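*Asks:* Kindly generate the complete structure, drawing on both the sequences and the hints.
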Amino acid sequence: MDVLDIARWQFGIITVYHFLFVPLTIGLTAVIAGLETAWVRTGKEDYLRLTKFFGKLFLINFAIGVVTGIVQEFQFGMNWSDYSRFVGDVFGAPLAVEGLLAFFLESTFLGLWIFGWDKLPRGLHAGCMWLVHLGTLASSWFILAANSWMQHPVGYRFNPETDRAELVDFWAVMFNKVQLVTFPHVIFAAYMTAGTFLLGVAAYLYMKKKHEADRPMYHRAIRIGAVVTLLAGIGVGVTGDLQGKVMTEVQPMKMAAAEGLYETSEGCAPFSVFTIGTPDGTEEKFAVTIPCLLSFLGTGSFDGTVEGINPLRDEYAETYGSDPTSKAYTEGDYTPVIPVTYWSFRFMMGLGFFAAAGAALILWLTRGGRTPGVRWLGTLGLSLPIATTLASSWGWIFTEMGRQPWVVFGLMTTESGVSPGVSTFEAATSLIVLTSLYAVLAVVEVKLLVTYIRKGADPFVEPPDVPVGGADDDRPLTFAY
1 MDVLDIARWQ FGIITVYHFL FVPLTIGLTA VIAGLETAWV RTGKEDYLRL
51 TKFFGKLFLI NFAIGVVTGI VQEFQFGMNW SDYSRFVGDV FGAPLAVEGL
101 LAFFLESTFL GLWIFGWDKL PRGLHAGCMW LVHLGTLASS WFILAANSWM
151 QHPVGYRFNP ETDRAELVDF WAVMFNKVQL VTFPHVIFAA YMTAGTFLLG
201 VAAYLYMKKK HEADRPMYHR AIRIGAVVTL LAGIGVGVTG DLQGKVMTEV
251 QPMKMAAAEG LYETSEGCAP FSVFTIGTPD GTEEKFAVTI PCLLSFLGTG
301 SFDGTVEGIN PLRDEYAETY GSDPTSKAYT EGDYTPVIPV TYWSFRFMMG
351 LGFFAAAGAA LILWLTRGGR TPGVRWLGTL GLSLPIATTL ASSWGWIFTE
401 MGRQPWVVFG LMTTESGVSP GVSTFEAATS LIVLTSLYAV LAVVEVKLLV
451 TYIRKGADPF VEPPDVPVGG ADDDRPLTFA Y
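Residue numbering for the sequence shown follows our numbering, starting at 1 and increasing by one per position.
The set of hints was computed from the structure by calculation and includes no laboratory data.
All values derive from a computational prediction rather than experimental measurement.
The beta-carbon is built from N, C-alpha and C at its ideal position, and this holds for glycine as well.
Any given hint might turn out to be false.
[To be verified] Here are the computed distance ranges between Cβ atoms for each label pair:
#1 Pro463 / Asp5: 22 to 28 Å
#2 Thr451 / Phe104: 39 to 45 Å
#3 Phe74 / Ala439: 28 to 34 Å
#4 Val337 / Arg41: 25 to 31 Å
[Stated by the list, open to error] Cross-link-like lysine-lysine pairs, in silico, DSSO-like; alpha carbons within 27 Å at most:
#5 Lys177 / Lys44
#6 Lys210 / Lys119
#7 Lys447 / Lys44
#8 Lys44 / Lys56
#9 Lys44 / Lys210
*Replies:* Take a look at the structure:
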């Protein structure tokens, strides 16, 4: 492999690994805030116990996620310096605001939430977690705005003297049409991930005889998780449909690659659920298809036209291949890796549908206090958080791989963004070291989560009812976990 291949593998591994933590962090802040708010309003012990229990699991996930996110940012200077130089003027503003405003909002109020159990009034303490959630949403908005610019560059001008993209309209970047559909899709997926995590952990504890006395509490948590998962799943489906239509408009090659559609379909393009083709993906041998569905996904009409890979390849080669300012792909082939885009798109959708359907089934079987077979409930419950986590990962793989060979669509190819001064040995060493480090962090994360999940929720201990004016003593803040 050359430096480009190694750099892509390293960035892909680090990005997908980091994104394992991000949806759970975003979603759990909302779930925990909701549970604590329910305790404040009803006074029911179960809600407080669940709040503290899942708060502990959230903090483990948050800590590892922050570490991996910081490493990800260093990648831009390590292996992708030409890319960083090209987009720096555009990315500087949203990423700076994310770090200085959104992340500090998260960390400040998370600190107050951790240390303020015996210092803050109950309503204000619950409000701290809502503000943490608001901070995660703000962080997501700014980061996704930067990524959406890579998918559909707007609000910039190209300076041929400096060979850089320069920001001219901050708000165009913030409200990019791709951003407006990507943000809700990612957030609903995060809620879905948190819902299945709540459901899966509660189902695991429900089936353990050690926690038999707490089964009513875990039964309630299972249903709450199932409701969150199902409602978020509906949101994922609706926003995903909108995202597909915008994607077809601004990146028709990505939609064509998602279906492996080589020739333009003038109407009623079918969507293949499963396909067996030649190794290079250029010829179909067997397929299970749904008539006209691809036309609807791409255009909103069952008779809509969906452009194919071959005519788009010719169009892109003519448009970008002779433009020296575009840093065009040297071979002139602007086609992504078809098998990767095809299957990642289906894995994303299939696993998401499975999680939503599983949540609906659990809601039905647990209605009215009913309890299905413990082993069956545990098996399904534990499979759902795995499904949503993998669905999110495959979604990001599709988003980024479907844009290839562009790192910024229509402006800069991936091979043009690699650091020119990095050797193959240096890149390979970095890949091995970081991958090994992340493997260790994965073991630490799983070990900590399993250890605390097995213990279950702590017995109920009511925190002091601090008056609205706050505590009047000088006791130092105490760490609640």
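*Asks:* Would the pair Lys44 and Lys210 pass a check requiring their Cα atoms to be no farther apart than 27 Å?
*Replies:* Measuring from Cα to Cα gives roughly 22 Å; hence the hint holds.
*Asks:* Take a quick look at whether Lys447 and Lys44 sit within 27 Å of each other, Cα to Cα.
*Replies:* Distance of about 31 Å is beyond 27 Å: violated.
*Asks:* Is 22 to 28 Å a correct range for the gap between the Cβ atoms of Pro463 and Asp5?
*Replies:* Distance hint for Pro463, Asp5 is violated at roughly 54 Å.
*Asks:* Starting from the range 25 to 31 Å, see whether the pair Val337 and Arg41 falls in it by beta-carbon distance.
*Replies:* Violated - the Cβ-Cβ distance for Val337 and Arg41, about 51 Å, lies outside 25 to 31 Å.
*Asks:* Quick one, are Lys44 and Lys56 close enough, alpha carbons at most 27 Å?
*Replies:* 19 Å, holds
*Asks:* Hint says 28 to 34 Å; check whether the CB-CB distance for Phe74 and Ala439 agrees.
*Replies:* With Cβ atoms ~18 Å apart, the hint is violated.
*Asks:* Verify the CB-CB distance for Thr451 and Phe104 against the hinted window 39 to 45 Å.
*Replies:* 31 Å, violated
*Asks:* Given the hint that Lys177 pairs with Lys44, does the C-alpha gap stay at or below 27 Å?
*Replies:* It is violated: about 44 Å lies between the C-alpha atoms, which goes past 27 Å.
*Asks:* Checking one constraint from the list: CA of Lys210 to CA of Lys119, max 27 Å. Satisfied?
*Replies:* Distance ~34 Å between Lys210 and Lys119 Cα, so the pair is violated.
Violated hints, listed in ascending order, are 1, 2, 3, 4, 5, 6, 7; each of the other numbered hints is respected by the structure.
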